[in-house]
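Each protein sequence line maps, in turn, to chains A and B.
Quick note: the first sequence uses my numbering, first residue 1, plus one each step.
Quick note: the second sequence uses my numbering, first residue 1, plus one each step.
Since the hints were derived computationally from the structure, they do not count as laboratory data.
Ideal placement from N, C-alpha and C gives every residue a C-beta, glycine not left out.
Check the hints yourself; a few may be wrong.
If we take Cβ atoms under 8 angstroms as the criterion, some of the chain A residues that face chain B in the derived model are [as the list claims (entries may be wrong)]:
no.	residue
1	Pro125
2	Tyr209
3	Leu227
4	Ser230
5	Gly232
6	Ala234
7	Leu307
Taking lysine-lysine pairs in the DSSO-like style, the calculated list, with each CA pair at most 30 angstroms apart, reads [what the hints assert, rightly or not]:
no.	chain 1	residue 1	chain 2	residue 2
8	B	Lys20	A	Lys235
9	B	Lys20	B	Lys268
10	A	Lys184	B	Lys186
This is what each chain is made of:
Number of protein chains: 2
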Amino acid sequence: MGGDIGLEIIIPAALKILKKHTNVKLILVGVQSEIEYFLDKNSYKSNEKLCIHHASEVVAMDELPSMALRKKKDSSMRVAINLVKEGQADACVSAGNTGALMATARYVLKTLSVIDRPAIINAIPSISGHTHMLDLGANVDCNAEHLFQFGVMGSVLSKAIDNIEKPRVGLLNIGQEEIKGNDKVKEASAMLSSSSLNYVGFVEGDDVYLGGVDVVVCDGFVGNVALKTSEGVAKMISHYMREEFSRNILTRFVGLVTVPVLHAFKKKIDPRRYNGASLLGLRGIVIKSHGSADVFAFSNAIEMALLEVEKSVPDRISDGLEAMLEKG
Amino acid sequence: MGGDIGLEIIIPAALKILKKHTNVKLILVGVQSEIEYFLDKNSYKSNEKLCIHHASEVVAMDELPSMALRKKKDSSMRVAINLVKEGQADACVSAGNTGALMATARYVLKTLSVIDRPAIINAIPSISGHTHMLDLGANVDCNAEHLFQFGVMGSVLSKAIDNIEKPRVGLLNIGQEEIKGNDKVKEASAMLSSSSLNYVGFVEGDDVYLGGVDVVVCDGFVGNVALKTSEGVAKMISHYMREEFSRNILTRFVGLVTVPVLHAFKKKIDPRRYNGASLLGLRGIVIKSHGSADVFAFSNAIEMALLEVEKSVPDRISDGLEAMLEKG
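The shape of chain A in the complex, shown without the other chains (with noise of 0.2 angstroms):
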């Protein structure tokens, strides 16, 4: 256990998931002094539910993945994705280094036969409710066989942690008219129109936002462009309001009065409900947790843990490529 954030929010986080979750089994991995010392400070009573299993290392943040891979055997990261690899784990949850987590589960997991690319996906908040984005920064170069894939996959994990039985699944592109997206996102358009997916045709950057489909496809580049710009948008809306309700002593008392409606509506777009994104295409299931998460935010990236093991998401997605493979 490494990453921004520490054992301060992960233990109670854990400990919220074994109270909520009496069937589900957590096993902590890092080094087991600090975790002790940490499940103490908790009242922790010892419990067949949760188990310590020791790592020397952690990989730090700005820890070129490359490095982690060769050098940190015993890092918590890397033990903890064994777990997965040797059965005795049927996940695993980090807020640590998203490029080593990333490297890591490739290099141990190693991706689905029928996959190429494994990809980050996340929820986003929506008008409608959220919309599955992939890749969110896994590929920053991708041809059209790798699009094509990511829709597949993305349409099996929206059918499954959101229960839609026939996802929309949109590819993203720009509204030029004639010059209308690059050849790749053209090529990926066409083989996603062939398959048996709930393909709706182009998308564009809005409608991420604007409820009109379930999943939306881009290559890494792109869509961790599109997730950090949004990201700017809030921060800047959210600056000029403080500072328009700072302004003086009516506005103050304004903002006063408005506190509980803005409340509820931060409730609605806040990012700590969406927390958990998904390394889909590997042979396990691992779920990258933001690095600033706290208690809450840490607990929904279990939870979506939880709901991908409940689902067999991994399975799933070898079984709908390999149906539509055959069918092809």
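Starting from the known structure of chain A, fit chain B onto it as the hints suggest.
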């Protein structure tokens, strides 16, 4: 004159500009009888500062750029750009079909000798004022050299328009550690680093809104997605705010007292203030207004044209890039 917005917007905006800038002459290009009708309606009295140039055709918003270019030789768009080419006008402002405008401008005016690809740039509101971002959709596939040229053009525009001596130029990238960006972005970064630009290095999507940079460079696919995604976030936030404020009689009252504050806030990030994207890299000045501009927004697009004329933006781009090439 065509596009989504009609003469009921363009004519009052033109008259507003003439009133404000007594040294400016405007040529209204379009169907003469229609223009006369709307001038009449706006109580316009004949004036040497304004003349009409008849054009019989209009490019539809959904028309293919190549078709517009080949078939619509007497479209208002084509005729207006011809006037720039012939030196009868210093700039062209259009609210029409972006793809057709770019294709026509490129065909008629040609690109500057030092520029491979024209780009679309616009100011985007940020915490500290605004950020210029390019390309916003003219080029779906760019190489490193194109991105470098966008950096030069953006820097020239920001210097000319914002009076910043050394605009801070950032290259849009994603924050994944090792796999930081694709080869194209890495190569462009090396070129920008060794230039005389005030290149600040890689920036991420949220930096567009956080005010630490004056110019953000990216390819047209990524830029367009980022822009559209931002629109989506803003729409979603506004949707949920409206929903919360109309929940019950109490929240409706709160909404009412909040109106002036929210109004002041909205003014800060009012997209109408930023209306007027520049088609940079051409041998002439062409400004694209948003298709749904109102009088205030459209007059801002004309203001942008006036400013670029005053500052001789195309010449400055040529000079700037030539100076760099000589040094290199």
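Verification of the hints:
Hint status for Pro125 of chain A relative to chain B: holds, with the closest Cβ pair at about 7 angstroms, below 8 angstroms. Because the beta carbon of Tyr209 of chain A sits about 4 angstroms from the nearest beta carbon in chain B, less than 8 angstroms, this interface hint is met. Evaluation of the Leu227 of chain A hint against chain B yields a held restraint, the C-beta minimum of about 7 angstroms falling below 8 angstroms. With a cut of 8 angstroms, the hint placing Ser230 of chain A at the interface with chain B holds, because the nearest CB-to-CB distance is about 5 angstroms.
Interface restraint check: Gly232 of chain A against chain B, minimum CB-CB distance 3 angstroms, threshold 8 angstroms, status holds. Checking Ala234 of chain A against chain B by beta carbon gives a least distance of about 6 angstroms; that is within 8 angstroms, so the hint holds. Using the Cβ-Cβ criterion of 8 angstroms, the hint placing Leu307 of chain A at the interface with chain B is not satisfied: the shortest such distance is roughly 24 angstroms. Distance check on the hinted pair: Lys20 of chain B and Lys235 of chain A sit about 36 angstroms apart at the alpha-carbon level, beyond 30 angstroms; violated.
Between Lys20 of chain B and Lys268 of chain B the alpha-carbon distance is near 23 angstroms, which keeps this suggested pair within the 30 angstroms criterion. For the proposed pair Lys184 of chain A and Lys186 of chain B, the alpha carbon gap of about 21 angstroms is at most 30 angstroms, so the pair holds.
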